[in-house]
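**Q** Sequence order for the protein chains is X and U.
With the working numbering applied, the first sequence covers 447 to 597.
With the working numbering applied, the second sequence covers 3 to 365.
Hint data in this document are derived by calculation from the structure and do not stem from the laboratory.
Some hints could be false.
Derived pair list, reagent style DSS-like, types lysine-lysine, alpha-carbon separation capped at 25 Å [to be verified]:
id : chain 1 : residue 1 : chain 2 : residue 2
1  : U       : Lys295    : X       : Lys503
2  : U       : Lys134    : U       : Lys180
3  : U       : Lys180    : U       : Lys117
4  : X       : Lys484    : U       : Lys206
5  : U       : Lys6      : U       : Lys21
6  : U       : Lys206    : U       : Lys180
Chain U stretches covered by chain X per the calculated footprint, using a threshold of three residues with CB under 8 Å from any CB of chain X [stated by the list, open to error]:
id : segment
7  : 21-32
8  : 203-210
9  : 322-329
Some but not every residue of chain X turned toward chain U, in silico, with C-beta under 7 Å [unchecked claim]:
id : residue
10 : Tyr463
11 : Asn467
12 : Tyr470
13 : Ala488
14 : Val489
15 : Thr495
16 : Leu501
17 : Lys503
18 : Glu544
Idealized CB from N, CA, C, for every residue including glycine.
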Amino acid sequence: MSSVEITAEMLAPSEPYQEDNGVYWFSYDGLKVRELAKAMNAVQARFVTITTYQLPKDEGFRLEYHWDLNGRLLGFTFNLQGSSIESRKIESIWDLCEAVDWIEREVHEEYGIEFTGREYEPLLLRPGDTPGVNMRETAAPAPAKQVEVAK
Amino acid sequence: MSYKIPMGPYHPGLEEPYKLDMICDGETVTDARLHIGFNFRGIEHLAETRNYVQVIALMERVCGICSFIHTLTLCQAMEKLTGFETPPRAKYIRVVMAELERLHSHVLWAGIAAKLMGFKTMFMTCFELREKVMDVLQAISGNRVNYSMNCVGGVNRDIADPAALVEMVDELEREMVKKVIPIFTTSATALSRCAGIGVLTHEKALSCAAVGPVARASGVNQDLRRDAPYAAYEEMNFEVPVQPDGDVKARLLVRALEILESCKILRQALTKMPPGELVCGDGKFNFLKVVMKTATSRVEAPRGEVFYSVSWRDGSRNPARVHVRTPTFANMPAIRYMVMGARLADTPLIQASIDPCYSCTDR
Chain X
447 MSSVEITAEM LAPSEPYQED NGVYWFSYDG LKVRELAKAM NAVQARFVTI
497 TTYQLPKDEG FRLEYHWDLN GRLLGFTFNL QGSSIESRKI ESIWDLCEAV
547 DWIEREVHEE YGIEFTGREY EPLLLRPGDT PGVNMRETAA PAPAKQVEVA
597 K
Chain U
3 MSYKIPMGPY HPGLEEPYKL DMICDGETVT DARLHIGFNF RGIEHLAETR
53 NYVQVIALME RVCGICSFIH TLTLCQAMEK LTGFETPPRA KYIRVVMAEL
103 ERLHSHVLWA GIAAKLMGFK TMFMTCFELR EKVMDVLQAI SGNRVNYSMN
153 CVGGVNRDIA DPAALVEMVD ELEREMVKKV IPIFTTSATA LSRCAGIGVL
203 THEKALSCAA VGPVARASGV NQDLRRDAPY AAYEEMNFEV PVQPDGDVKA
253 RLLVRALEIL ESCKILRQAL TKMPPGELVC GDGKFNFLKV VMKTATSRVE
303 APRGEVFYSV SWRDGSRNPA RVHVRTPTFA NMPAIRYMVM GARLADTPLI
353 QASIDPCYSC TDR
């Protein structure tokens with residue numbers, strides 16, 4: 447779906463959104479994140495954030511992109527299936543949407559997800575550490591030590 | 003010849019530990035890079051280890067100044083998951099607390115800005131005003147920070163005599179109109195440090211997706227209280243101050259005018275507060291019945307939009323995910339454009355003009 451088609455649908459009188467608890471979700475198979483970003487620029491929507499969910503077992507990740515259009519919160523979901531490093535990739539939209547820079551860097555640093563087509567500055571969260579690893583796995587808390595209590 | 007000046011993470015010119023690497027040509031800043039992450043706490047991850055009661059107390063500690071806003075946003079998202087409807091009185095109390103918090107945050111910022119301008123008398127005046135607001139917050143909640151006011155489905159404490167607080171609002175408004183606003187807008191000291199300094203253009207504010215007073219001072223007319231009302235804001239009558247210049251003075255003016263609008267909202271909320279319950283269903287709920295779902299909530303904090311996305315697994319006591327997007331996280335990258343072309347001596351004030359909250363950013 448091209449950005450022109452997405453924009454046309456967004457501006458159509460019968461909006462293709464599904465409202466759920468105040469978020470207007472737009473679902474379309476084969477939606478490309480860069481086409482989406484171009485469409486959001488065309489309708490002058492304000493970027494809000496990306497929320498990342500690590501799915502159970504080896505199902506991969508779900509990325510929810512949010513934009514604000516005149517006070518209406520729009521939601522778009524992208525699934526990254528599989529937990530291998532190769533599957534943890536999605537195109538960056540930084541060159542199209544400047545506001546996405548820090549959150550792409552944060553998601554990259556927290557979950558090891560690679561936003562392709564961009565360079566990363568030094569780490570935001572852990573200066574000096576290895577970039578692009580899943581912090582949930584590498585920084586999982588160690589089991590609590592047994593402390594001997596004085597009798 | 004250009005040279006690099008690192009400012010921070012620990013620097014007398016900065017209120018909090020972030021780092022700004024500035025490329026300078028003489029006294030003029032030509033480019034800058036911002037670095038955060040010096041105090042990253044991993045609160046989002048920690049939230050997954052807390053149950054539905056503990057997580058409220060945890061998220062209250064994301065920020066020391068807008069702690070009420072964080073629990074309000076979280077509780078609103080959790081109310082969407084449970085299907086709870088907050089009672090009308092609780093909605094009004096939430097508006098009162100949110101506006102008191104805005105007053106205290108804006109007056110605190112005005113004091114810090116005055117200090118950075120070298121205007122110590124004004125700093126003292128602002129902090130004296132702030133203290134009066136803090137007294138009211140303490141009288142309502144019992145605490146000066148981390149008020150523990152919000153719970154799922156309502157609020158924990160009542161405001162026994164709302165009309166008695168109107169006098170405080172009137173006094174604060176008088177002081178602002180008589181002292182603070184005229185001095186900030188007419189004094190040569192303030193104007194020489196603020197006018198035309200640290201400009202964020204309207205186009206850059208849009209492309210950086212700036213929020214709150216920073217965006218409104220660059221001519222972006224947005225405010226969630228009006229555009230996507232929550233709590234009892236739909237029933238309030240108020241204006242959204244917008245300034246076109248985008249400089250430090252515009253940001254100062256927007257916050258000053260917002261203080262007056264907050265007083266207007268407070269007066270309405272306190273006089274029109276309906277009687278009734280504080281919590282939906284006496285606060286009894288069973289979170290274990292919540293099916294796997296995600297809910298989001300947004301609130302206009304003193305610094306701009308706060309966004310929470312909360313996800314719950316079937317029958318779990320703990321959230322599966324809590325994502326927080328704070329206003330400073332959205333506004334901070336814009337500092338780069340504000341300091342470009344500025345004099346080096348102005349950069350501490352320019353950075354402070356976005357009212358940065360490092361605690362929120364490094365949540």
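**Q** Hint by hint, say whether it matches the structure.
**A** Structure-based check of each hint:
Between Lys295 (chain U) and Lys503 (chain X) the CA atoms are separated by roughly 18 Å; this keeps the pair inside 25 Å, and the hint holds. As the CA atoms of Lys134 (chain U) and Lys180 (chain U) are separated by approximately 16 Å, the hinted pair is consistent with the 25 Å bound. The hinted pair formed by Lys180 (chain U) and Lys117 (chain U) meets the criterion: a straight-line CA distance of about 20 Å does not exceed 25 Å. Between the alpha carbons of Lys484 (chain X) and Lys206 (chain U) the distance comes to roughly 17 Å, so the proposed pair stays at or under 25 Å and holds.
With a C-alpha separation of about 13 Å, the suggested pairing of Lys6 (chain U) with Lys21 (chain U) holds against the 25 Å cut-off. Distance restraint check for Lys206 (chain U) and Lys180 (chain U): the Cα-Cα separation of roughly 34 Å exceeds the 25 Å cut-off, and the hinted pair is therefore not satisfied. Here the segment 21-32 of chain U counts 0 residues with a CB under 8 Å from a CB of chain X, which misses the bar of 3, and the coverage is violated. Check on the segment 203-210 of chain U: 3 of its residues sit with their Cβ under 8 Å from a Cβ of chain X, so the three-residue criterion for coverage holds.
Three residues within the 8 Å Cβ limit are the bar, and the segment 322-329 of chain U against chain X gives 4, so the coverage statement holds. Because the beta carbon of Tyr463 (chain X) sits about 14 Å from the nearest beta carbon in chain U, more than 7 Å, this interface hint is broken. Here the hint on Asn467 (chain X) is kept, as its CB sits about 4 Å from the closest CB of chain U, short of 7 Å. A distance limit of 7 Å between C-beta atoms decides the matter here; for Tyr470 (chain X) the minimum to chain U is near 11 Å, and the interface restraint is violated.
Taken as an interface hint, Ala488 (chain X) does not check out: its beta carbon lies about 13 Å from the nearest beta carbon of chain U, beyond 7 Å. A distance limit of 7 Å between C-beta atoms decides the matter here; for Val489 (chain X) the minimum to chain U is near 13 Å, and the interface restraint is violated. A hinted interface residue such as Thr495 (chain X) counts as satisfied when its beta carbon comes closer than 7 Å to some beta carbon of chain U; here the least separation is about 4 Å, so the hint holds. The beta carbon of Leu501 (chain X) is not positioned within 7 Å of any beta carbon in chain U (closest approach about 10 Å), and the interface hint is therefore violated.
For Lys503 (chain X), the interface hint is violated, since its Cβ never comes within 7 Å of a Cβ in chain U; the closest pair sits about 13 Å apart. Against a cut-off of 7 Å between C-beta atoms, the interface hint on Glu544 (chain X) holds, since the closest Cβ of chain U lies about 5 Å away.
Taken one by one, the earlier hints fail for this structure at numbers 6, 7, 10, 12, 13, 14, 16, 17, listed in ascending order.
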